[in-house]
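K.L.:
Using our numbering, read the sequence shown as starting at 782 and increasing by one per residue.
In short, the hints are calculated from the structure, not lab data. Keep in mind that a hint or two might mislead.
Said to hold, decoys possible - The calculated label-pair distances, taken between Cβ atoms and stated as ranges, are:
1. 914 <-> 835: 20 to 30 Å
2. 936 <-> 848: 27 to 37 Å
3. 835 <-> 948: 24 to 34 Å
Just so you know, even glycine gets a beta-carbon here, dropped at the ideal spot from N, CA and C.
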Amino acid sequence: MSRKFALAGAVALALAVTPLAAGTASAATEQEAAVTTVYYSTASAPTFRSVINAGAANWNRSVTNVRLVERNSGASLRYTEGNDPRGSYASTNGHGSGTIFIDYTQARQYNPTRIAAHETGHALGLPDHYSGPCSELMSGGGPGPSCTNAVPNATERARVNQLWANGLVANSEQRVYETVYGF
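Using the sequences provided together with the hints, build the complete structure.
P.N.:
Here it is in structure tokens:
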């Protein structure tokens, strides 16, 4: 007789816990849905594909509201490479689209992963801050060629998470165009 009550109690407990578990999974799915994916292409920058992917991985490990994914078809962000006396630059609206150019000469002088991650920061909405320390990714080439940090600091991470909190929302007041000197 007591087994019957124990079994009935176990079934009732299982039924009571199931909706809680389902609610937790649902909340996790909603949080994942809030992440905006920015697709980028390295097809026009084959020399720098590995450093671009490393820079994107640094951002992906650092922020939660936007995810960078390599995909050559239908990408809104394109990386290119070549020689330009102005150096590397980003031509972007700061909302995940545009073109990032990586200069050969500059990539031999400065850490190329830092260059790629820095320029990607522009595509995510961050401006330059050349007077910043090496620990600040958006200080670009300001700290000099010995700086190899390619990871955004806490302030940069927080700003990107804030900018992307509601997904890809166009903000016509903020525009980041061809940032060229120092990266």
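K.L.:
None of the hints should be skipped; say for each whether it holds.
P.N.:
Hint by hint, here is what the structure shows:
The hint said 20 to 30 Å for the Cβ distance between residue 914 and residue 835, and at roughly 21 Å that hint holds. A C-beta distance of roughly 21 Å is found between residue 936 and residue 848, which places it outside the suggested range of 27 to 37 Å. A hinted range of 24 to 34 Å holds for the C-beta pair residue 835 and residue 948, which are about 26 Å apart.
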